[in-house]
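Peer 1: Turn these sequences into a full structure, and let the hints guide you.
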Amino acid sequence: MKVFLVEDEVIVREGIKRNIDWGREGYEFIGEASDGELAYPMIQKLKPDIVITDIKMPFMNGLELSKLIKREMPWIQIIVLSGYDEFEYAKQAITIGVTDYITKPVTGNELLVAVNRVKEIIESQKKKEKQILMMQQDMQEIQIIKRQRFFYDLVAGKLSLSEIHELSANLEIKLASSKYSIILYKLYEGEEENHNYSKVANEMKNRLNEDFSHEPSIAVFERENEETVLVVMQQEGGSLHSSIKAYVNRIVSTVTNTTPDANLKYFVAIGKEVQRLSELPKCYEEACKAFAYRYILSKNQVVDSDKLVNYQIMQDSGIDMSTLDVNKMDKSIVMNFLTCGEEEEVEHFIEEYFASLGKSSVTSLLFRQYIAMDMYFCCKSLLEQLGISITILKEFGEGLKESSIIFQSVHETISYMSQIFHLTIQSRNELAKGKYRTLIKEAKDFIHDNYSNEDMSLNMIASHVNVSPSHFSNIFSQDMGETFIEYLTRMRMKRAKELLKCTSMKSSEIGYEIGYKDPHYFSYLFKKTQNCSPKEYREKGTYEGNTKI
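Here the sequence shown is numbered in UniProt numbering, starting from 1 and rising by one per residue.
There may be inaccurate statements among the hints.
BS3-like mimics (lysine-lysine), calculated; alpha carbons at most 30 Å apart, straight line [what the hints assert, rightly or not]: (1) Lys245 with Lys199; (2) Lys126 with Lys67; (3) Lys127 with Lys67; (4) Lys517 with Lys528; (5) Lys2 with Lys179; (6) Lys441 with Lys126; (7) Lys127 with Lys527; (8) Lys517 with Lys444; (9) Lys128 with Lys528; (10) Lys130 with Lys2; (11) Lys272 with Lys245; (12) Lys146 with Lys119; (13) Lys528 with Lys540; (14) Lys146 with Lys158; (15) Lys47 with Lys2; (16) Lys497 with Lys128; (17) Lys126 with Lys70; (18) Lys289 with Lys158; (19) Lys2 with Lys70; (20) Lys127 with Lys70; (21) Lys146 with Lys527; (22) Lys47 with Lys119; (23) Lys47 with Lys126; (24) Lys444 with Lys394.
Simulated restraints, written as ranges between beta carbons of each label pair [unchecked claim]: (25) Asn531 with Ser452: 17 to 27 Å; (26) Val113 with Lys535: 54 to 64 Å; (27) Pro41 with Glu224: 33 to 43 Å; (28) His214 with Phe377: 28 to 38 Å.
The hints are simulated quantities; they were obtained by calculation from the structure and are not laboratory data. In this text, all values refer to a predicted model and were calculated from it rather than measured experimentally. Even for Gly, the Cβ is constructed at its ideal location relative to N, Cα and C.
Peer 2: Structure (structure tokens):
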């Protein structure tokens, strides 16, 4: 802990320096000055924890100096030395925020007692700040999950209006407005969409979302696979259309202004404007439908569902309807969707894929049969590539023999193919869960080896396994049935109970051993999770001396 002295009398200043062995007492004497004017710039540079200052000095007295310190560096604790035992001086010192007021003459022991008292105050404040920080970190993951659950329930239409207002208030999400829309966007590294984590794209997305979170007219939510949903609200006296345009331009300009080496791409979809919260599910559905075009169009596109016209998509797709050639059907589009798409997007994708191939794909039974067969073989091909048995598609393969009956209408065709797509993606996801288990095992091993690290956090473990914190939080909780913080706390408490039962270590030492440097916070968490204090647990347990575990 660093100490700085301000005293104009050389004899007094030297006496204070000599009469206390600062190093032995656990302090670092970092500097001195003869008046406030000289002291202030030195204090700004050296940033001591404690300043000891006389009151009556030339150029700038101790009270004036204290005012400056408390205004610019309020964390510094000040001890005032005064030859005046007057109430007015003490009153001013208290008003300024001085920690202690000592009248001269003062002995080295008396000053050391005062300094130690101030040191205890500083350490107590630091402990409280650390405890608050750790509790905030514990709440981070829980808030991510709660916020994501609220969003999905909101856009699924599962919440009543009163539930929306109650839950949004609890999560500090402002949703009051006269008009709403949704922007759905994703950043990519490279040309193709994939599930691989991109640090560059994720950092860019985080910066954008942090920026958007400060906008009073935006509520930011994150979907799986690094996708972001912006619920945009009309500001009083403003235009929702203008706001959406400005926010989309911000996404586009952020990506286009990055260095070419980053190779970042974007895809943005915009839902239709609605006037009620109860209409947000419809707005979200329209945005998802537009977002499904990312599998058909090239990247760096903004698709507005309100202005979506099939002939524009056909033009972008490079298909000339006047000379329709089935060989121009791009299987890579279907394969890309099957590889990276989500179940909730299946119907949207199939509808838009048919539409992108032109009117003939709708009116011609033969062409519908051809497209359906092509899509079926794409599903079969993906399953074979993944090493999954294709027998799950056998029933549908047999059904294709009756295609003239099954594909009587576009609706029936899309419905039939949707079943095949759902089954394929479900099989892909089941396989992915196995891959995620490898990732989770790696995460659990890292936690096991590093749980004593006080700085262990969701961000740290997500970085170690190379996924985003929100994605890791989601897959970990789904697989483990508990959050990362709950798992970490459970592991630490299990080790704490072992040490309480089998060693003579103090409670504070055990807390330090398992990653809680603040003994008060360790005791608080232990009692919260075990329903008794560490001392009570040890007393009712069977102590086995210094047995090593």
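Peer 1: Look at each hint and say if it fits the structure.
Peer 2: Hint check:
Between lysine 245 and lysine 199 the alpha-carbon distance is near 27 Å, which keeps this suggested pair within the 30 Å criterion. Taken as a hint, the lysine 126 and lysine 67 pair is honoured in the structure, with Cα atoms around 22 Å apart against an allowance of 30 Å. At most 30 Å may separate the alpha-carbon atoms for a hinted pair to count; lysine 127 and lysine 67 meet this at roughly 26 Å. For the suggested pair lysine 517 and lysine 528, the alpha carbons sit about 17 Å apart, so the restraint of at most 30 Å is met.
Of the supplied pair hints, the one linking lysine 2 and lysine 179 is violated, its CA atoms being roughly 56 Å apart against a limit of 30 Å. Our distance criterion of 30 Å between C-alpha atoms is broken by lysine 441 and lysine 126, whose separation comes to about 35 Å. Simply put, lysine 127 and lysine 527 have alpha-carbon atoms about 18 Å apart, close enough for the 30 Å limit, and the pair holds. The hinted pair formed by lysine 517 and lysine 444 meets the criterion: a straight-line CA distance of about 22 Å does not exceed 30 Å.
Proximity of lysine 128 to lysine 528 is assessed by CA-CA distance (about 18 Å); at most 30 Å being required, the pair is judged to hold. With a C-alpha separation of about 20 Å, the suggested pair lysine 130 and lysine 2 falls inside the 30 Å cut-off, and the hint holds. Among the hinted pairs, lysine 272 with lysine 245 is consistent with the structure: their alpha-carbon atoms are about 13 Å apart, no more than 30 Å. With a C-alpha separation of about 40 Å, the suggested pairing of lysine 146 with lysine 119 is violated against the 30 Å cut-off.
Restraint check for lysine 528 and lysine 540: satisfied, since their Cα atoms lie roughly 17 Å apart, inside the 30 Å limit. Pair hint lysine 146 plus lysine 158 holds up; C-alpha atoms about 15 Å apart against a cutoff of 30 Å. A hinted pair counts as satisfied when its Cα atoms are at most 30 Å apart, and lysine 47 with lysine 2 qualifies at roughly 8 Å. With a C-alpha separation of about 25 Å, the suggested pair lysine 497 and lysine 128 falls inside the 30 Å cut-off, and the hint holds.
Taken as a hint, the lysine 126 and lysine 70 pair is honoured in the structure, with Cα atoms around 17 Å apart against an allowance of 30 Å. Straight-line distance between C-alpha atoms of lysine 289 and lysine 158 comes to about 20 Å, which keeps the hinted pair within the 30 Å bound. Proposed proximity of lysine 2 and lysine 70 is supported: the alpha carbons are some 17 Å apart, at most 30 Å. Between lysine 127 and lysine 70 the CA atoms are separated by roughly 21 Å; this keeps the pair inside 30 Å, and the hint holds.
Our distance criterion of 30 Å between C-alpha atoms is met by lysine 146 and lysine 527, whose separation comes to about 25 Å. Note on lysine 47 and lysine 119: the hinted pairing holds, with a Cα-Cα distance of about 15 Å set against a maximum of 30 Å. With a CA separation close to 16 Å, the supplied pair lysine 47 and lysine 126 stays within the 30 Å bound. Pair hint lysine 444 plus lysine 394 does not hold up; C-alpha atoms about 39 Å apart against a cutoff of 30 Å.
For asparagine 531 and serine 452, the hinted distance range of 17 to 27 Å is satisfied, since their beta carbons lie about 24 Å from each other. About 31 Å separates the C-beta atoms of valine 113 and lysine 535, a value inconsistent with the hinted range of 54 to 64 Å. About 53 Å separates the C-beta atoms of proline 41 and glutamate 224, a value inconsistent with the hinted range of 33 to 43 Å. Separated by about 49 Å at the C-beta atoms, histidine 214 and phenylalanine 377 break the suggested range of 28 to 38 Å.
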